[in-house]
Amino acid sequence: MVQKIYPDAAAALDGLLFDGMTIVAGGFGLCGIPETLIDAILAAGTRDITAISNNAGVDDYGLGLLLRNCQIRKMISSYVGENKEFERQYLAGELELEFCPQGTLAERIRAGGAGIPGFYTRTGVGTLIAEGKEHKDFGGETYLLEAGLTGDLAIVKAWKGDRFGNLVFRKSARNFNPMAATAGKVTVAEVEELVDFIEPDQIHTPSIFVQRLILATRNEKRIEQRTLREAA
Amino acid sequence: MTGWTREQMAARAARELRDGYFVNLGIGIPTLVANYIPDGIDVTLQSENGMLGLGPFPTEATVDADIINAGKQTITELDRTAYVSSADSFGMIRGGHIDASILGAMEVSETGDLSNWMVPGKMVKGPGGAMDLVAGVRRIIVLMEHVDKAGNPKFTPENSLPYTGRNVVDMIITNLAVFVRPDRNSPFRLIELAPNVTQQTVAALTGAHYLTDASI
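Protein chains in written order, with the working numbering: chain C, 1 to 232; chain R, 1001 to 1216.
Hints are computed from structural coordinates only; laboratory data are not their basis.
Misleading hints may appear alongside valid ones.
As a list, the in silico SDA-like pairs of lysine to any residue whose alpha-carbon atoms are at most 20 angstroms apart [said to hold, decoys possible]:
(1) C:171 to R:1082
(2) R:1125 to C:96
(3) C:171 to C:185
(4) C:185 to C:147
(5) R:1122 to C:96
(6) R:1122 to C:90
(7) C:74 to C:39
(8) C:171 to R:1125
(9) C:74 to C:17
(10) C:133 to R:1166
(11) R:1125 to C:95
(12) C:221 to R:1062
(13) R:1122 to C:152
(14) C:185 to C:6
(15) R:1125 to C:11
(16) C:133 to R:1062
(17) R:1122 to C:97
(18) C:221 to R:1065
(19) C:74 to C:22
(20) C:221 to C:60
(21) C:221 to R:1064
Sequences are here, hints too, so could you generate the full structure?
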């Protein structure tokens, strides 16, 4: 049987990283981000990365770590408002940015992973996002063509994984991770728990999409907006 | 001129919700709407990152980093809660399954164009899910101050800022007044004034053309 479980993040990424590569990363804000694997890419020093990720982390956490180390050349994201270093590099012309509406980004990654090169959506019609894109009418409404997205590598964070590579995500940490897992030529998952068995009906991402797996060693799960109510 | 507070604006917007609605609330004043849902009205809140059935904010003891809303705020789950991927979540939105979305705005035009994502010359943070929401949700309610910080009208003949969506707004609730239109081919109609606010005040602070309801 193919051994999918690797001893650590560096071993799991061995042979997969190269300058100029495209990486699809799961996560929304700082929730459900593959923080162990990001640390390993930071240590590897891979440069000129195109990162497909809904957000860009914060200055000292998540993809922000790779930005700060000038390893990212281009981001395809829906919202980057939490990252000061991002703003500095972008305004200095050191970083390329492609804004993509959040739902369109999710669907582009889903489509890419499902072998669909493009799809039509109403989202963004009549806005700056639509410039240069093909438009087509369906039933009297105008839609625009958006392209599917794939990467050389996808990195995802899951709650539970088994030795086959089946994954279960936890609560809203699921977010972009299931689509990202389908969109990498190679997908590496870090999991909070390695388990012997996952009930087949409970699997979110089946093993076919996951080539390598590690037990996450960083599960900081930093909270971006700790919002509380008064205890009753 | 007194007008409504942010809380009163949120409470006014909450009166638009109907029993059984699935609703997406934007960041800022719209988030407050959750606190004013009328008794007897059961509403399920959706968050576009992938959560259907949002509970209240947690207590210190129940904070869970894996349960956040689209504003990245910690939140709690309910008996009805379902988690989905962001692709499935935007399927709910794009597919027209969400009954209403309440959003903030920088500008709304008299034909319902919405601008709320970028100011030229300032660092752009990105559209997030706003473009998807206005393109997919059946009824879009805007909650905004009537004028901007410089005192300029935000309900305008034509927007000066880049669009989030064209002809997408159905209702506008400001700190001074409520405007609504029955469909997206009709003009907006002033249907309500905040306490101690006159028609003349609203007219003076509004750039857009609108009708005035006979009840006012």
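Structure-based check of each hint:
1. Annotation: proposed proximity of residue 171 (chain C) to residue 1082 (chain R) holds, straight-line Cα distance about 8 angstroms (limit 20 angstroms).
2. Of the supplied pair hints, the one linking residue 1125 (chain R) and residue 96 (chain C) holds, its CA atoms being roughly 14 angstroms apart against a limit of 20 angstroms.
3. With a C-alpha separation of about 26 angstroms, the suggested pairing of residue 171 (chain C) with residue 185 (chain C) is violated against the 20 angstroms cut-off.
4. Taken as a hint, the residue 185 (chain C) and residue 147 (chain C) pair is honoured in the structure, with Cα atoms around 17 angstroms apart against an allowance of 20 angstroms.
5. For the suggested pair residue 1122 (chain R) and residue 96 (chain C), the alpha carbons sit about 17 angstroms apart, so the restraint of at most 20 angstroms is met.
6. For the proposed pair residue 1122 (chain R) and residue 90 (chain C), the alpha carbon gap of about 12 angstroms is at most 20 angstroms, so the pair holds.
7. Among the hinted pairs, residue 74 (chain C) with residue 39 (chain C) is consistent with the structure: their alpha-carbon atoms are about 19 angstroms apart, no more than 20 angstroms.
8. Between residue 171 (chain C) and residue 1125 (chain R) the alpha-carbon distance is near 26 angstroms, which puts this suggested pair outside the 20 angstroms criterion.
9. At roughly 16 angstroms between alpha-carbon atoms, residue 74 (chain C) and residue 17 (chain C) fall within 20 angstroms of each other, so this suggested pair holds.
10. Only pairs whose Cα atoms come within 20 angstroms are accepted, and residue 133 (chain C) paired with residue 1166 (chain R) is accepted, the gap being roughly 17 angstroms.
11. Note on residue 1125 (chain R) and residue 95 (chain C): the hinted pairing holds, with a Cα-Cα distance of about 14 angstroms set against a maximum of 20 angstroms.
12. Of the pairs offered as hints, the one joining residue 221 (chain C) and residue 1062 (chain R) holds, with about 15 angstroms between alpha carbons and a cut-off of 20 angstroms not exceeded.
13. A C-alpha spacing of about 33 angstroms is found between residue 1122 (chain R) and residue 152 (chain C), which places the hinted pair above 20 angstroms, so the restraint is violated.
14. Between residue 185 (chain C) and residue 6 (chain C) the alpha-carbon distance is near 18 angstroms, which keeps this suggested pair within the 20 angstroms criterion.
15. In summary, the hint linking residue 1125 (chain R) to residue 11 (chain C) is not supported, as the alpha carbons are separated by about 35 angstroms, beyond the 20 angstroms threshold.
16. About 46 angstroms separates the Cα atoms of residue 133 (chain C) and residue 1062 (chain R), which puts this hinted pair outside 20 angstroms; it is violated.
17. At most 20 angstroms may separate the alpha-carbon atoms for a hinted pair to count; residue 1122 (chain R) and residue 97 (chain C) meet this at roughly 15 angstroms.
18. With a CA separation close to 6 angstroms, the supplied pair residue 221 (chain C) and residue 1065 (chain R) stays within the 20 angstroms bound.
19. At most 20 angstroms may separate the alpha-carbon atoms for a hinted pair to count; residue 74 (chain C) and residue 22 (chain C) meet this at roughly 9 angstroms.
20. Restraint check for residue 221 (chain C) and residue 60 (chain C): satisfied, since their Cα atoms lie roughly 13 angstroms apart, inside the 20 angstroms limit.
21. Restraint check: the Cα-Cα separation between residue 221 (chain C) and residue 1064 (chain R) comes to about 9 angstroms, which is no more than 20 angstroms; the hinted pair holds.
Checked against the numbered hints listed earlier, the structure breaks hints 3, 8, 13, 15, 16; every other hint is satisfied.
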